[in-house]
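Those sequence lines, one after another, are chains L and V.
Taking UniProt numbering, the leading residue of the first sequence gets 1, the next gets one more, and so forth.
Taking UniProt numbering, the leading residue of the second sequence gets 1, the next gets one more, and so forth.
Treat each hint with caution, since some may be false.
[As the list claims (entries may be wrong)] So the derived label-pair ranges between C-beta atoms look like this: (1) L/ARG235 <-> V/GLY91: 16 to 26 Å; (2) V/GLU299 <-> L/ALA392: 13 to 23 Å; (3) V/SER159 <-> L/SER159: 45 to 55 Å.
[Stated by the list, open to error] What the simulated footprint calls covered on chain L by chain V, stretch by stretch (three residues with Cβ under 8 Å from a Cβ of chain V suffice, anywhere in the stretch; the number is not a length): (4) 212 to 219; (5) 353 to 366.
Please keep in mind that the hints were generated in silico from the structure rather than gathered at the bench.
All residues carry an ideal CB built from backbone N, CA and C; glycine is no exception.
There are 2 protein chains.
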Amino acid sequence: MSERGETAEPLIHGEEFDDILIDQAETGLDEDDRLKPEFLTAVLDAVEEGDSEKARDLVSPLHPADIADLLELTPSDLRGDVAAALGDLVGAEVLSELNDYVRDDLIGALAPEQVAEFAAELDTDDAVAIIEDMEEADQQAVLDAMEPEDRAAIESALSYPEESAGRLMQRDLVAVPEHMTVGQVIDYLRDNQDLTRDFWEIFVVDAAHKPIGTCQLSWVLTCPRGIAMADLMKREQTLIPVDMDQEEVALRFQKYALISAAVVDGGGRLVGMITVDDVVHIISEEAGEDILRLSGAGEGDINQPILLTVRTRLVWLVVNLGTAMIAASVVGLFENTIEHLALLAALMGIVSGMGGNAGTQTLAVMVRAIATNQVTSSNTMRMIGREFRIAATNGSVLGVLIGIGSYLVYGQLGLSLVFAAAILINNMVAGLAGVLIPVTLDRSNVDPAVSSAVFVTMMTDSLGFLTFLGLATIFLT
Amino acid sequence: MSERGETAEPLIHGEEFDDILIDQAETGLDEDDRLKPEFLTAVLDAVEEGDSEKARDLVSPLHPADIADLLELTPSDLRGDVAAALGDLVGAEVLSELNDYVRDDLIGALAPEQVAEFAAELDTDDAVAIIEDMEEADQQAVLDAMEPEDRAAIESALSYPEESAGRLMQRDLVAVPEHMTVGQVIDYLRDNQDLTRDFWEIFVVDAAHKPIGTCQLSWVLTCPRGIAMADLMKREQTLIPVDMDQEEVALRFQKYALISAAVVDGGGRLVGMITVDDVVHIISEEAGEDILRLSGAGEGDINQPILLTVRTRLVWLVVNLGTAMIAASVVGLFENTIEHLALLAALMGIVSGMGGNAGTQTLAVMVRAIATNQVTSSNTMRMIGREFRIAATNGSVLGVLIGIGSYLVYGQLGLSLVFAAAILINNMVAGLAGVLIPVTLDRSNVDPAVSSAVFVTMMTDSLGFLTFLGLATIFLT
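Sequences are here, hints too, so could you generate the full structure?
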């Protein structure tokens, strides 16, 4: 921060105050970078009128990511027509930005040769993303239509497990031996025009092709030509094993603020490179999917075929039906008590509900903390103690509040004491279940986001009813 | 993908299969990149024995991000001692990686001059992150202790709203006029050693200092010296207004796969640059915080002072107490019915619970879709239709399942029909509430993640009880 970015020459600072958003308005985007409905309607109208040229004129200023958005926002029965009208505006880049389901839809209508052509234009990782979801036979047809070299790259990527670093990486990278100087590297890059033009760091490798350092391009550009790469490179680097899960890759990029990283095979040799732009959407997806898993909404993709969505959610609802039945059977044990004092039926839902809410709070915090690697065996006990104290405090406050409130309304001291005690106990159950269940599941290598909620709800519902109705049976009847 | 990354010279591929994880084990990290508890214990033991040298030896191989993790995992009463023992290993970079609460804790113990020294070592954005959370007076003391130029940079950043692009950006960047050639740019970079050394793209500006294009460093490196920047640069670029909210900045980086982007003031002039590594943690936080907001767990930071956590969660629980009381009062209307048929009290929780689960599923999907800009007025109606069909399908399946099941158990046809009908109706209420409430809140500029759950639960609880007990009163008594 000691220096300040400056231009090479003194620049005249103009007085204009153009609205910099004008460009955006012209491309059909609103202030949140979403396509305006009027714009979408105009494109769809042009397509329906058969005026492909007008549709293309409208769409051509858009970034591929925005064209992908446009196709996603188009009702599915019109997508084929829109894609056909736009022609080559729907290129490889657009396809790689598309939602998986929408892409499968569109690709299903293409000939294998066309898909192969698209794939050839892309980096390995983007090409693999398009091809990996296809049916076996279609996949083979596309691969057969590719150039041998491209095919080999894709086949090799497909040989790694799904969602692993091997699928994410690209094979086009720049690696140089450590004895080269900055000048030699620059000359090498200029002379080899078949090298990739998109890279952010240069990897320095030893004779066995193992990475021994990385060098940002800005360092190469700001150093004299005579400096050896060995003296310029950073030796501490984060290597990504080729079979590492993409979630771990994303966490590592995030933790060490990486722009690109070398991918190595089991022998430690450089086999590819992952760049941060391929990881950013994984970071977002992985962070966002916990909320969907915790609520049993599967991947929660709004473009998923509706029957698949129904099935995913139904499975979850049926599992929860089981826990609801357990809770109902607990209530059933106290039918006599309820017949004597029907008021209990109205109030018992408050006990279970408050416990459920408190449990969900703790659960959400724990699921996030586990997902971001913040919980280790070093601090698990501290976390349990922390949540227990929070639960005891909140339970006490709520218990007193509800005890006093219900005494003012019903004037029955015994009922209010039972109510307050049940609220306190169930809050503590909720706090402990909310921390112990996800931690235990995580240690057993079960994803706590998927399975915790069922167990926590079962505890807070059943034990909430049990304490409240049980105490009521003992002290009030 | 047509070319394949190659090294400048043919390299001998060795036969060794070293375990590439060995390096990691030696630095005290487990396979998930988390610090091993034994390692933490060893460091804490050394500190407690007063053996600072041993502690430093253990910690010195760690990356600053891992030293930050170490401090976070250290119990709060020992943190000061550990930081003191580690001395200059806890440098500016470690501070900028630390959790806000833990950092405030440590910084509170430092003299303003020390904080100023740390801040001076960092990029503007990281320095601002450290200073912005301090109390006014402490902040002023730190600023007073800084060099005038650094102070000016920080003060200027602090003049932008919190969580805006102006706070995120760094002012050290490289901007050149368009008429410069590649060779001139390289010479300029070599000759101006006070320029920043960490940048990924060069911005090309016009005479008014407005960005007119960007150029990746790899393009500069792979092109002949004679090419003009104007011919090399990409003219379509994503400009970030200096007052843009950081969440929008993050979405833009994600959508357009940016590595760095120019930040412009109201006049369109280049004032700074944001790089993706500063955005990655925002992407993760923004995506992860919905789960915490939806469950009323506030920011869900496990390092937050416990009283603050208690207060945040308690507010939410008290709000939910209100909705639970409304639901209880609905049940209260039917006390007579329940006295006649106490079984209803056991079963009514299944109706409300299943509705609650279905509502949460829809809500989670909608909250994510809204947060990722996937919902626009172009597809809102389609989303509502989609969720309605899902709710009707799942409600029907569950209704039939529960109707048949309860008939087999209780043998009362009327009860089973009422039960099934209530389940179906409440599922549809849940589906509609789960989509309409967040969409309406979003249009009213209220964060749907924070407020939706209360309303949806109120609907599914109250209407669930109302339909079930209401139908039972009409048809069964």
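A quick look at each hint next to the structure:
About 19 Å separates the C-beta atoms of L/ARG235 and V/GLY91, a value consistent with the hinted range of 16 to 26 Å. Checked against the hint of 13 to 23 Å, the pair V/GLU299 and L/ALA392 passes, with Cβ atoms roughly 22 Å apart. Remark: the range hint 45 to 55 Å for V/SER159 to L/SER159 is upheld by a beta-carbon distance near 54 Å. Under a criterion of three residues with beta carbons nearer than 8 Å to beta carbons of chain V, the stated coverage of the region 212 to 219 of chain L is upheld, 4 such residues being counted.
A count of 10 residues in the region 353 to 366 of chain L with a Cβ less than 8 Å from any Cβ of chain V is obtained; the coverage claim is therefore met, three being the minimum.
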